[in-house]
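Student: Protein sequence lines correspond, in order, to chains P, G and R. Counting the first sequence from 1 gives a position; this note's numbering is that position plus 665. Counting the second sequence from 1 gives a position; this note's numbering is that position plus 1. Counting the third sequence from 1 gives a position; this note's numbering is that position plus 639.
Worth flagging that the hints you see were computed from the coordinates, not collected in a lab. Be careful, since some hints might not be right.
Unchecked claim - With a Cα cut of at most 27 angstroms, we get these calculated DSS-like pairs of lysine-lysine:
1. K203(G) with K131(G)
2. K833(R) with K131(G)
3. K751(P) with K98(G)
4. K190(G) with K83(G)
To be verified - Here chain R is said to cover these stretches of chain G; the calculated rule only asks that three of the stretch's residues, wherever they fall, bring their Cβ under 8 angstroms from a Cβ of chain R:
5. 74–85
6. 96–106
From the three backbone atoms N, C-alpha and C, an ideal C-beta is built for every residue, glycine too.
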Amino acid sequence: MTIFLQSLLSGVLIGGAYALIGVGLTIIFGVMRIINFAHGDLVMLGMYASYFLFTLGNVDPFVSIIFVFPLLFLFGAILQKTVINKVLNALPQNQILLTIGIGLILSNTMMLLFTSDYRIISTTYSSGSFRLGEISVSTPLLLSFVITAAVTAVLYWFLLKTDTGQAIRATAQDRDAAQLMGVNVKRMSVLATGIGAGLAAVAGSLISPTYYIFPQVGQPFTLKAFVIVVLGGMGSVMGATVGGVLIGATESLAGAYISSGLKDLVVYVLFLLILLFKPAGLFGKSRV
Amino acid sequence: MSAVPEPILEIKSVSKFFGGLAANSDVSFTMDEGMILGLIGPNGAGKTTLFNCITGYYPPTKGEILFKGQRLNGMTPDQVCKLGMVRTWQKVRPLAKLSVLDNVVVGALVRTGSVPEAREIAREQLHVVKMAHKADFLAGGLPIGERKKLEVARVLATKPDLLLLDEVMGGLNPAESEDIIQLILDIKKRGLTQMVIEHDMKAIMRISDRIVVLNSGEKLAEGAPQEVVSNPEVVTAYLGEAHV
Amino acid sequence: MRPSPQSRGLALLPVVLGVAAVVALAILPKYVESPYALQLMVLFFLAVIQGEAWNLIGGYGGQYSVGHAAYFGIGAYTVIVLLQSKGLAPWWGLFPALLLAVVVAAIVGSITFRLRGPYFVLASIAVAEIFRLAALNWKQLTNGAEGILLSGIPPLVIGGAQITDFSSKVPFYYMGLALAVVTVLVTIWFQGSKLGYYLQAIREDQDAANSLGIPLTFYKNVALMISAFFTAFAGALYGLYVGFIDPQTAVGLDISVQIVLTAIIGGIGTVLGPVVGAALLVALSEALRSNVLTDLLIGSGLVDAGSGIGQFLRDNLSHAHMLIYGVLVALTILYMPDGVLGGIKNQLRKRRSRAAAAGGAA
Chain P
666 MTIFLQSLLS GVLIGGAYAL IGVGLTIIFG VMRIINFAHG DLVMLGMYAS YFLFTLGNVD
726 PFVSIIFVFP LLFLFGAILQ KTVINKVLNA LPQNQILLTI GIGLILSNTM MLLFTSDYRI
786 ISTTYSSGSF RLGEISVSTP LLLSFVITAA VTAVLYWFLL KTDTGQAIRA TAQDRDAAQL
846 MGVNVKRMSV LATGIGAGLA AVAGSLISPT YYIFPQVGQP FTLKAFVIVV LGGMGSVMGA
906 TVGGVLIGAT ESLAGAYISS GLKDLVVYVL FLLILLFKPA GLFGKSRV
Chain G
2 MSAVPEPILE IKSVSKFFGG LAANSDVSFT MDEGMILGLI GPNGAGKTTL FNCITGYYPP
62 TKGEILFKGQ RLNGMTPDQV CKLGMVRTWQ KVRPLAKLSV LDNVVVGALV RTGSVPEARE
122 IAREQLHVVK MAHKADFLAG GLPIGERKKL EVARVLATKP DLLLLDEVMG GLNPAESEDI
182 IQLILDIKKR GLTQMVIEHD MKAIMRISDR IVVLNSGEKL AEGAPQEVVS NPEVVTAYLG
242 EAHV
Chain R
640 MRPSPQSRGL ALLPVVLGVA AVVALAILPK YVESPYALQL MVLFFLAVIQ GEAWNLIGGY
700 GGQYSVGHAA YFGIGAYTVI VLLQSKGLAP WWGLFPALLL AVVVAAIVGS ITFRLRGPYF
760 VLASIAVAEI FRLAALNWKQ LTNGAEGILL SGIPPLVIGG AQITDFSSKV PFYYMGLALA
820 VVTVLVTIWF QGSKLGYYLQ AIREDQDAAN SLGIPLTFYK NVALMISAFF TAFAGALYGL
880 YVGFIDPQTA VGLDISVQIV LTAIIGGIGT VLGPVVGAAL LVALSEALRS NVLTDLLIGS
940 GLVDAGSGIG QFLRDNLSHA HMLIYGVLVA LTILYMPDGV LGGIKNQLRK RRSRAAAAGG
1000 AA
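So that you can see chain P by itself, here it is in the shape it has in the complex:
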């Protein structure tokens, strides 16, 4: 029972960061109907940004999100305007290949610039933990989960309560109708990509104290983000939030009960099963 609770808790805590990554992917997909295969590489950029802010500027990784979000927001927005925008009406396969290409460019550029060495951020609390009855709780994971929850709350507020947020949701629901209602759809696409990139990078910053940082670290996150988004229903922010936590928990439990090497494999098998039997996701509805 202790093992179960222990892995469930760690899974849920890491699931918070997964949720942010998934939400970013789902917003981009919702607004542009493009699946971003470079998403994990945006997570990687966030990790590096926090790493350099920490080593060069002594900025705590959790604090660094204040800089990382706007930085990657800008990066995403520029990427949308200059490249992704050109394939909005292309075949889905070509859109996917383009973002795969962007991902390769990002990870391999980082490798050229900073080598493929593994880097770590060692804060005072990096390996800290405290006990809660029989269970040990990792301090950085708990902190990151709390911040994730706060970021998610702000995001929901933005999407539900602000005019811009509602315009993004309208675009995601029906691009043509939104345009007819006077929504600047092009601007929403730029914004959505910026927000998606920013969220992915923030997730990267939040897990940076507990992960190795290297140029290829993003790839598994891309795949995990798909699983999360498909699980929650493509385009659904709520679904991606729940999906992230579920995948975090599943992975952690599979690691504890099957084998830590096979936990990703379990997640991919689950992914195929969902695609086949519940293609609209576990929660049925498939929009923001």
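Position chains G and R relative to chain P; hints supplied.
Tutor: Frame of chain P; chains G and R shown alone:
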């Protein structure tokens, strides 16, 4: 009338629900071999849904469809096509990056494994629709009138017994429509059975042996063209608004 | 319209050129002994095989599998594992390897071909990742992340006569050439066959294809099985040639991307597209690896050898081929979505239609 022939198509109380919404409810009619049946009704009456049910795109929620005495429920579109029933699309669907000839070859291949033989069949069908001179053009680059004719040539190449034509005159100018009307009458002379969805009342009156009127998913009336036109219910439901 | 004598003459020309090219390639090792040149040619042949194989399902069928590394890996691992741990000669090991790849393709196809567009792409990646993780974790069989180093290939003896002992690159050269020629011939046959017509119809419009009597999943599956067969064959050849395999280099996502790239750069849905793509990619990675490109930049005076940039390029460009691949994918999709040959073909067709239209009007 001599011995009553078996109907080629029997639609028996077919209903199709999407969620709680009835797109077709309790529709029944039959078609005899060689006839042209006009299927009319206002937009959203469930004509295309009925086509989709008949040709296997989705199973009817209730009811039964018999083609040449065989039950079609649960069959896929390709199986239905092999049995000899094939449809065209309201919004034409050319295989854009293939040549006109190759589009028709794809249709012909359902009856033969030999590509040269299929090419022969395809060339014949292009002659039938008077498009032989366009054989080497890319299908995606054709104007709408020729795309519609290409659709007809392509389904003819599958050697069907029953053709379902979904608004093959939609968006055409009068001369092009006249071409299609002649084509449909030509096809009839060759003994093929046809079900035609069409909005142009003059055309449908000219070509149809019988007309079925759908309204809100239900069959409103059925009969010879003149009967149907003089049916007061039909006039109010449909002709009143469309017969400007 | 009957083919005019001229056009029949034109149809003969590619055959003559093709035969001449194959003959030239077949006698090349008699004159070129440089292992370096042979190495490049073997890599080129391997890329041709993989590109042509993917082209059948991806290019003609429009089913963009980004998971062909699964079949490549199955071919490589089965042959190598059977050889290394059971001592089974590779020409026997090929049978179970290819059979396994085809069976896996049939199963994977039956499951994933119900999905369309991006969902199919995602599923194909997930399948390949499952195989990579299996190779990584099934340590008794695959030796995990450390990979398997081949200790040797037994000599091939037929009827008492030793054909080759695999000590040089020449036998691999001929195997690669033979298989590359076979895949090109299979593609030519495929293009003119019912199967090829049906796959192209599926690529253009699945619903329309279905209404014309094409059972979609069946034909996609047949094409995928042929594709998997040759991809696994290439994998086996690669494993034997390099003498070392591990999960990343035999089943990694990079392999899948490279395979797709070979086909799309040359032009999908054309017989020679993957050949062109393979030539470009192999030449480019080699130019990067051996610093030819850097030397060229410096030699042309664009970059100063002594400068920081020159030094940086010399140090780094040699392992930047994945970066260049990324740039190539992006550029191809943005500016040349039909690839090199596809672009040429479109131009020719446009000109021909224009000529035909002018002829019709006259």
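Student: For each hint, tell me whether it holds in the structure or not.
Tutor: Do the hints match the structure? See the list:
1. K203(G) with K131(G): Holds, at about 24 angstroms.
2. K833(R) with K131(G): Holds: K833(R) and K131(G) sit about 25 angstroms apart, inside 27 angstroms.
3. K751(P) with K98(G): holds, 22 angstroms
4. K190(G) with K83(G): Judged against 27 angstroms, a Cα distance of about 22 angstroms means the pair holds.
5. 74–85: holds (count 6)
6. 96–106: holds (count 6)
In terms of the numbered hints stated before, the structure departs from none.
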